[in-house]
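**Q** So the chains spell out like this:
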Amino acid sequence: MSLLTVEGLTVEFGGARAVRGVSFGVGKGECLAIVGESGSGKSVTARSLVGLSGGRVAADRLEFGGEDLRGLPERAWRRIRGRRIGFVLQDALQALDPLRTVGREVAEPLVVHRTVPRRRIPDRVRRLLEDAGVPDPERRAGQYPHQLSGGLRQRALIASALAAEPELIVADEPTTALDVGTAAQVLDLLAGLRDRGTGVILISHDLSVVARLADRIAVMKDGLLVEQGPAGQVLTAPRAPYTRMLLDAVPSGYAEPVEVGEPVLEARSVSKRYDGRTVVDGVSFELRAGESLGLVGGSGSGKTTLARIALGLVEPDAGTVLLDGEPWSGLPERRRRPRRARIQPVPQDPYGAFDPRYTVGRLLDEASRLSGETATAEDLLRQVGLTGELLDRRPRDLSGGQRQRVAIARALALRPAVLVCDEPTSALDVSVQAGILALLDRLQRERGLALLFISHDLAVVRKVTQRVVELADGRVVASGPTRDWRGDRETIPEPHRI
Amino acid sequence: MTARRWRPGFVLALVAGAGLLALAVAPGVFAPYEPYRADPGAALMGPDGAHWFGTDQLGRDVLARVVHGARTSLAMGFGATGLALLAGTLVGLAAALNGGIVREGLMRAMDVLLSCPGLLLALVAVALIGPGTLGATLAVAVAATPEYARLVNAQVRQVRTSGHVEAGVALGLRPRALIVRHVLPNALGPVLVLATLGVGTAILYGAALSFLGLGPNPPAAEWGALLSDGRDHLESAWWVAFFPGLAITLSVIVVNVVGRELRGRHLR
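Line by line, the protein sequences give chains A and B.
Yeah, the first sequence ends on 498 if you go by the numbering used here, and it's all consecutive.
Yeah, the second sequence ends on 268 if you go by the numbering used here, and it's all consecutive.
None of these hints come from the bench; they were simulated from the model.
Simulated restraints on C-beta separations:
1) H146(A) to V102(B): 29 to 37 Å
2) N256(B) to P356(A): 21 to 29 Å
3) D111(B) to E326(A): 40 to 48 Å
4) P332(A) to A22(B): 51 to 59 Å
5) T249(B) to R20(A): 50 to 58 Å
Beta carbons: idealized from backbone N, C-alpha and C, even for Gly.
Next up, chain A with everything else stripped away, as it sits in the complex (with noise of 0.2 Å):
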């Protein structure tokens, strides 16, 4: 039997329509997975279905188990969101409370809807944590959200969501925040419960996630269903034109092989601790031009500050680094500068490696001035895919794609050697992802770059790079040509520090 039925949903904001007449349903131990990019209405429809939305919401039939969810008043949605409808955010830093302890967190659903004795209550929590796979639950019920790593944070989150045992779980990209081992093991947790009888909403724009779960998938597109059916159907034989090209932006196979020369970037058994934890510990690789080396690692495992002493940015406590087999560490800055233009960051967020003040034009000119280089600015963003239009834009009024190319762009007016991309697609919807790859691939292959590419996203990684660095705790863990490399056992981290 059908737990939820939605038909002809709408929600508007203002006379914008972000849901356009969307209709699916879910029934008891199904898990329904809506993809979509970035502005899809993905969101929009799982927080209407707990009544937080926002905006107007119409539908032909909203009914959760028998009940009509229609223009329900705040305080009905009260009863039934937490107690009946369990809701998982993305972002569980935000969503946590960071002045309580996350038992309190957990408990609150019981407490409020009164589905435990009180004095039952604290055994409760220590179960749901423990079946949430919180390790030592009795000691993380009495820490804060900042005491607890990411993904244990997420699974504080899940357990408060399934705290007063809800028929249904709307999980709004549930993994997105978490590394591959972490977000394995939310999502194991959600098949069990899935097992045992839950309806589960999964949104995600991740195809590789929904894949594991899903028994059905719905596709949304500006705020429409362009397809919908069994998970085995639409991942392997999609009718929508757009699935298929959701599917195709999927990286998949490996690097082609490169012709590499001098060794361009150098670390000798780097290290760097930070509060008395180390958090590099003797790392060393070396970086040819013409190469693409990815440095792969569960978060926390010093993957970003490597990138930055390489980049110049974070002096190491011990090792040295060579760039173009000259001393890079360990210079005064005034003797570093002159040479910086070599080796140039592409970061994860572009929006904040940009001067907000700053229209693309200027940040183009201003790099350009300190290489000399000759080619205008509009020259530089013909190079990286994109047109003069933008130039007189400033950072906030372009899309994250075009941002990440900007960022390559400026990254390119200074013609460096080597490109440090720290997560350079991990904010970005899987078809804008897919060409920054292949920009990526091109400037790499055509111009000789060395790329230094860090990346959570095995398949990613993959697709990128001829060699991988592993690392794990600071330390290298395994290295070789990526075709060798068996991340997928091999990076799931044991559970979380702290």
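Given chain A, put chain B in place with the hints provided.
**A** Below, chain B without anything else, positioned relative to chain A:
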């Protein structure tokens, strides 16, 4: 959103602010009489058709004196804020960029000044600098400087660690180019907005110093001085003190409404 953008209170404050500025720029256009023309025969006359705000003990038109006082009073308020902003920016920037003992020394000194009530600080300063329009303006600026210094210091330190400044370092920009082009402009935005709120306080402090006889020399028309003139006649001729007081209150309200609105927009 758009409804909030032009709230009636904000529009009203903008209009009133424009009016006050017009008075300060061209008092002669609005004042019905000469501000210094005494007429002992018409001393302490109540408001009527000829003298809307009445006359003072020398028979001078209060409306004319209030209108002519706008320039000095507002100039002291804006001037003191501008000077404080400049001094505060220099101190805050020096502290933020140097770090270590320089920062500690400068910022702890600012903390000491901040721990004194502003008006007291201004009084001490005017005692050292000497009274008069310029002296009082400088004194008010001294009193307001620590707040801006602290804010600029915090802002600069925050902007310096932001992604785009680090990107500038990675590009190989020289420190001076980084600070002038990227750090200061981004750091000063919120400071300028808060300075509009500071203008109100500065006008008030300037008027207070004048009231105590430490501002412009008589017979110059200045709101604080006018208020002081009217003090002796409060019981018999309320209008002599009332209208300058109203002018001070009104301009402080106008400045605060505008400042708050700007701050709200900036923070959003």
